[in-house]
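Colleague: With the hints as your guide, set chain A onto chain D.
Protein sequence lines correspond, in order, to chains D and A. Residue 1236 in my numbering sits at position 186 of the first sequence; the count goes up by one each step and never skips. Residue 1250 in my numbering sits at position 200 of the second sequence; the count goes up by one each step and never skips.
Simulated from the structure, these hints should not be mistaken for laboratory data. Be aware that one or more of the hints could be misleading.
Where chains are identical, the list cannot tell them apart; a pair therefore holds if satisfied intra-copy or between any two copies.
What the hints assert, rightly or not - Calculated pairs, BS3-like style, for lysine-lysine (alpha carbon to alpha carbon, straight line, at most 27 angstroms): (1) K1213 to K1296; (2) K1181 to K1084; (3) K1252 to K1262; (4) K1291 to K1218; (5) K1094 to K1253; (6) K1181 to K1275; (7) K1270 to K1181; (8) K1213 to K1132; (9) K1185 to K1236; (10) K1084 to K1288; (11) K1271 to K1236; (12) K1288 to K1192; (13) K1118 to K1166; (14) K1262 to K1218; (15) K1213 to K1252; (16) K1252 to K1218; (17) K1252 to K1181; (18) K1094 to K1291.
Here the structure is a predicted model, which means the values were calculated and not measured.
2 protein chains.
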Amino acid sequence: MEKKSAKTTGAALLEQTYLPHISIDCVIFGYHEKQIKVLLSHVKGALGWLLPGGFIEMEQALDEAASKILEGRTGLTSLFLKQFKTFGSLNRGLDPATQFAGVPDFNPANLQWLSKRFLTIGYYALTEFSKVTPKPSLFDDKCQWFEINGLPPLLSDHELLIKEALRKLQLQLHHEPIGYNLLPEKFTLPEMQALYETILGKKLDQRNFTKKLVSLNLIKKLGEKKYIGGHRSPSLYKFNKRNYNKALLNGVILAF
Amino acid sequence: MEKKSAKTTGAALLEQTYLPHISIDCVIFGYHEKQIKVLLSHVKGALGWLLPGGFIEMEQALDEAASKILEGRTGLTSLFLKQFKTFGSLNRGLDPATQFAGVPDFNPANLQWLSKRFLTIGYYALTEFSKVTPKPSLFDDKCQWFEINGLPPLLSDHELLIKEALRKLQLQLHHEPIGYNLLPEKFTLPEMQALYETILGKKLDQRNFTKKLVSLNLIKKLGEKKYIGGHRSPSLYKFNKRNYNKALLNGVILAF
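Chain D with its partners taken away, still in its complex shape (with noise of 0.2 angstroms):
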């Protein structure tokens, strides 16, 4: 299915190949030195962003739709996709006659197929935004990071999207460990620190979080220590894997 080029597919072969009235779109959060930011993807002539996002085959589990559309529309792959809301209002925001009329040869039958109503499954993930270069799809003229509380405008719903998105990924620091593949492997508490207060969008306690990041051990302390300039050395951590693993898969009850 992921050979046919874009001029092939007609209405009928959109039809025959996806579940009508269900698409996917997928938030991607990249984290780096006290930014967050969301990878968005752009059509060429289109009035506005969208996060990447695609539909499902006949013969496709979601998840694996999930990851399919990520890898094809960003060229990212292994990124750990979490559903987080499937959105069904009546009116999703979408005009693609309007939206996308500035479209080079916008076909009519891409037109007729995107019109019907579609529910979007949401799906989010969380990277470290330096380590990817995005890159655009064959439909796509510009996919790119933009800065959470720079965003362009957006098509549809997915300003929505991305705000639930975010809502959950701060619940989730709640009760799943994170932090690993987002910090470097040797770390101080104040970079942890500063990843949590960056996704909370707050101060945190600085005694609090670490005798909360120790009781759990999560992480362990290193004999070594960061030079940073001046007096300060703060020590160094890295993760306690084992631990950080079973945390991810029993949860992390933070209360009680």
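Modeller: Then chain A, alone, in the frame of chain D:
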């Protein structure tokens, strides 16, 4: 759309009325005195039980469809349904030709519709089960509560849906207040703790639990005690409705 009788519902009419390939299933948890039950329905002659479920009308918002399904199939209104996950693996285990073979007057048109591949959007709710009298729908001969640890044979992947819904409910305890409508208007701390312990499936430290609740200002102590015989007369509490609603809206941050 709701006024059609079962007899006039052929495949063409189903196709015309509902979005294809997408269903909704509702996991209704009932709590009462240290027990959690789940509401299940049974189509006369079918080989197993199902969660109350149904389909989305072409021009019906997703959340509205979920509420109407719940009302139509159980008689329950104004339960706060929460969407928890969309299930879309390839083989969801429904085999209508076999599992519904014993259903009297089973319409081949319905079989054709049910034999399609369906993704299902899962919703859950938590209610006080002694207050609810389930009413079987037109299609069902039975609709009743089952102990969560004593479920009857279930069709499709509905056992998985219940398991996932319970996991989400357990997580919800960590960032949202619960208890209102589940406990009497005036309740004791042991009653409140029993609710949490029943849902979490484990004992909680009584001192920590009380400390947490008091620090959140979700409940207030009344100047009354409950007489339970012997020498013990535990204090009665009630919810601080204003703080409770605020916490529902903003979430309760239980850590950091």
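Colleague: Work down the list of hints and note, for each, if the structure agrees.
Modeller: Okay, the hints, checked on the actual structure:
1. Proximity of K1213 and K1296 under a CA criterion of 27 angstroms is satisfied inter-copy only: 20 angstroms between copies versus 29 angstroms inside one chain copy.
2. Proximity of K1181 and K1084 under a CA criterion of 27 angstroms is satisfied intra-copy only: 15 angstroms inside one chain copy versus 50 angstroms between copies.
3. In this assembly of identical chains, the alpha carbons of K1252 and K1262 lie at most 27 angstroms apart whether taken from the same copy (17 angstroms) or from different copies (22 angstroms).
4. In this homomeric assembly, K1291 and K1218 come within 27 angstroms of each other (Cα to Cα) both inside a single copy, at 24 angstroms, and across copies, at 25 angstroms.
5. Taking identical chains as interchangeable, the C-alpha atoms of K1094 and K1253 are never at most 27 angstroms apart, the minima being 40 angstroms within one chain and 58 angstroms between chains.
6. For the identical chains of this complex, K1181 and K1275 are intra-copy neighbours only, at 25 angstroms inside a copy versus 61 angstroms across copies, given an alpha-carbon limit of 27 angstroms.
7. In this assembly of identical chains, K1270 and K1181 lie within 27 angstroms of each other by CA distance solely inside one copy; the values are 25 angstroms within and 51 angstroms between copies.
8. In this assembly of identical chains, K1213 and K1132 lie within 27 angstroms of each other by CA distance both inside one copy and across copies; the values are 15 angstroms within and 18 angstroms between.
9. In this assembly of identical chains, the alpha carbons of K1185 and K1236 never lie at most 27 angstroms apart, being 30 angstroms within a copy and 60 angstroms across copies at closest.
10. For a Cα distance limit of 27 angstroms, the shortest separation of K1084 from K1288 inside one copy, 19 angstroms, qualifies, whereas the shortest one across copies, 42 angstroms, does not.
11. For the identical chains of this complex, K1271 and K1236 are intra-copy neighbours only, at 10 angstroms inside a copy versus 48 angstroms across copies, given an alpha-carbon limit of 27 angstroms.
12. Within a single copy, K1288 and K1192 get their C-alpha atoms no closer than 37 angstroms, and across copies no closer than 56 angstroms, so neither meets the 27 angstroms cut-off.
13. Taking identical chains as interchangeable, the C-alpha atoms of K1118 and K1166 lie at most 27 angstroms apart whether they share a chain (23 angstroms) or sit on different chains (23 angstroms).
14. Taking identical chains as interchangeable, the C-alpha atoms of K1262 and K1218 lie at most 27 angstroms apart whether they share a chain (21 angstroms) or sit on different chains (23 angstroms).
15. In this assembly of identical chains, the alpha carbons of K1213 and K1252 lie at most 27 angstroms apart only when taken from the same copy (16 angstroms versus 34 angstroms across copies).
16. Taking CA atoms no more than 27 angstroms apart as the test, K1252 paired with K1218 passes in both settings, with 16 angstroms inside one copy and 26 angstroms between copies.
17. Taking the shortest Cα distances, K1252 and K1181 sit within 27 angstroms of each other inside one copy (25 angstroms), while across copies they are farther apart (42 angstroms).
18. Proximity of K1094 and K1291 under a CA criterion of 27 angstroms is satisfied in neither setting, with 43 angstroms inside one chain copy and 52 angstroms between copies.
Hint check: violations occur at hints 5, 9, 12, 18; the rest are consistent with the structure.
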